[in-house]
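Peer 1: Take 1060 as the starting number for the sequence shown in this note's numbering and just add one per residue.
Honestly, the hints are just simulated from the structure, not real lab data.
Every residue gets a Cβ at the ideal spot worked out from N, C-alpha and C, and that includes glycine.
Incorrect hints may have been included.
Once the Cα atoms are required to be at most 20 Å apart in a straight line, the calculated EDC-like pairs of lysine to aspartate or glutamate come out as [stated by the list, open to error]: (1) Lys-1506 x Glu-1550; (2) Lys-1506 x Glu-1480; (3) Lys-1557 x Asp-1330; (4) Lys-1137 x Asp-1219; (5) Lys-1506 x Asp-1460; (6) Lys-1557 x Glu-1421; (7) Lys-1506 x Glu-1453; (8) Lys-1557 x Asp-1536; (9) Lys-1137 x Asp-1213; (10) Lys-1137 x Glu-1103; (11) Lys-1137 x Glu-1108; (12) Lys-1137 x Glu-1110.
Label pairs and their calculated CB-CB ranges [unchecked claim]: (13) Gln-1122 x His-1405: 33 to 43 Å; (14) His-1405 x Ala-1194: 25 to 35 Å; (15) Arg-1275 x Glu-1108: 40 to 50 Å; (16) Ala-1355 x Gln-1122: 19 to 29 Å; (17) Glu-1234 x Arg-1190: 30 to 40 Å; (18) Asp-1384 x Leu-1299: 55 to 65 Å.
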Amino acid sequence: MAGMVYLVGAGPGDPGLITVRGAECLALADVVIADRLASPRLLERARPEAERIVRGARSELDQVALNRLLIEKAQAGKTVVRLKGGDPFLFGRGGEEAEALCAAGVRFEVVPGVTAALAAPAYAGIPLTHRGVAAAVTFATARESDGQDGAHLDWRALADPAMTVVLYMSVSHLEEAMIRLEAAGRPHDTPVAVIADGTRPSQRTIIGTIGDIAARAQAEGVMPPALTIIGDVVRLRDTLSWFEARPLSGRRILALASDADERAEDPALRDLGVEVVWASPLTVELLPGALADAVARRDRYGWIAFTSRHAVRAFADALATARLDGRALHTWRIASLAGATDGAVHRLLGLRSDLATRGGGEDLARELAPLAQGFGVLYPRAAEGLDGLPQTLEAAGISVDTVSAYATHIDTAAIDRALAEHRAAPFDAFAFGSPRGVGALLDPLLKQNPFARVGPLFGAIGRTTAAALSSHRIHPDVVLPVPSFPSLLAELCARLAKRHQIR
């Protein structure tokens, strides 16, 4: 059966602005072909097995080749999402793609998106129309097509002082556009706003007039993507600005979490304006056969100790492979670290921990030791895990079987992306979720660029992660007693606010 193509508007940058229908299509996709301006966070909403293709600014995938790729994927029976920045039919060449699909007899659906012309001014506190100020709005582009710079626009039609003009793709042609607009009759002192990175945490707005905005934008180093708003409505920003006025607007935190389940943000962080960039420094490989013997001879144990959610997942998989579930553990008791690991026990095994300890593996062992006397303890852990828990229990005379249930590997591509992000715009804080994640990022980072005396803040999910930071001669600013990424991020935000004297 022939496939289907969805031309989906991704919105201008904030992943929360995709429509419900757009998110539904992403969840169905076999193939996602995204523009570079579409938020990378949206790609996470596609199925894990979906093919992802990101078209860069200087991609070899030109429009003709892209149209051909859409057709080929659909004719192969795939469900394809063409994820386009903003709205597909507003300066997005979605019409050309739809024409190509029609000509090839490929079924398609257009899913409208929030265009930058509506969203970026709203985030900047600039209403495009306002009673008594502007009764009309026009969208235009300062670059009509390849090789053209707006010379074919009717600039006299844009000179009406009661009209708001929104110029797309205008940064590289801003001076020429302002000269033409003034020559057409728009006053020299008409207010103008240039909005860079609209709706993204990095959004910034440069205010000027027709006479000086080009020089101001150049002095601020504005680069695409940016939008230009011309008209008296720009003056309302002084009163209505909200997005860039948030307490931690422009502050960035790198959160290194190896598990998608850890990526839970408190909505309050968004209200503060902080940008959280997530990276997975490690990939997790379950070792399927490692726990088979322990499951088969489970009468040897009275306790099982978990110090990570990955160990819980590995054990749950081993039970499932043996066609068993949590009921097979009716004679066992479960010890785990409080927080995410304890939550995984309930979620994956359907059971409650008999002992949930705040802290790390050695803390768990100390509390477990008096309870486990006379019982064997099974301890599934990472192949490269620490020995504190089994050593502490064995010193108390308790028999422990330590099983390497999973292994972690450094994801060099993810680390390289995080380093590139830091070079482009340095992070104000780092949130580390594991000791290995500390080394994976800091070993290359400290070689390239040691931190200044007053550098970023560092947060650790627990004491073992804090010890890894200390081994790199970095004092952690935040160490959590109970592992929780939302709590770690919230505490780092509180420290950032205190550092910058923000209430």
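Peer 1: Look at each hint and say if it fits the structure.
Peer 2: Results of checking the hints against the structure:
For a cut-off of 20 Å, the pair hint linking Lys-1506 to Glu-1550 is broken: about 28 Å separates their Cα positions. Of the pairs offered as hints, the one joining Lys-1506 and Glu-1480 holds, with about 16 Å between alpha carbons and a cut-off of 20 Å not exceeded. For the hint linking Lys-1557 to Asp-1330, the alpha-carbon distance of about 17 Å falls within 20 Å, and the restraint holds. At roughly 49 Å between alpha-carbon atoms, Lys-1137 and Asp-1219 are farther apart than 20 Å, so this suggested pair is violated.
Pair hint Lys-1506 plus Asp-1460 does not hold up; C-alpha atoms about 39 Å apart against a cutoff of 20 Å. A C-alpha spacing of about 33 Å is found between Lys-1557 and Glu-1421, which places the hinted pair above 20 Å, so the restraint is violated. Note on Lys-1506 and Glu-1453: the hinted pairing is violated, with a Cα-Cα distance of about 40 Å set against a maximum of 20 Å. Using a Cα cut-off of 20 Å, the hinted pair Lys-1557 and Asp-1536 holds, with the two alpha carbons roughly 12 Å apart.
With a CA separation close to 43 Å, the supplied pair Lys-1137 and Asp-1213 exceeds the 20 Å bound. Pair hint Lys-1137 plus Glu-1103 holds up; C-alpha atoms about 19 Å apart against a cutoff of 20 Å. For the suggested pair Lys-1137 and Glu-1108, the alpha carbons sit about 13 Å apart, so the restraint of at most 20 Å is met. Under the criterion of a C-alpha separation no larger than 20 Å, the hint pairing Lys-1137 with Glu-1110 is consistent with the structure, at around 10 Å.
Between Gln-1122 and His-1405 the beta carbon distance is about 51 Å. The supplied range of 33 to 43 Å is therefore violated. Taken as a hint, the range 25 to 35 Å is violated for the pair His-1405 and Ala-1194, whose Cβ atoms sit roughly 59 Å apart. Our hint of 40 to 50 Å for Arg-1275 and Glu-1108 holds, since their Cβ atoms are close to 48 Å apart. Evaluation of the 19 to 29 Å hint for Ala-1355 and Gln-1122 yields a failure: the beta carbon distance comes to about 59 Å.
Taking 30 to 40 Å as the suggested C-beta distance range, the pair Glu-1234 and Arg-1190 conforms, at roughly 33 Å. Distance hint for Asp-1384 and Leu-1299: a CB-CB separation of about 56 Å, consistent with the stated range 55 to 65 Å.
Of the hints listed earlier, those the structure fails to meet are numbers 1, 4, 5, 6, 7, 9, 13, 14, 16, in rising order.
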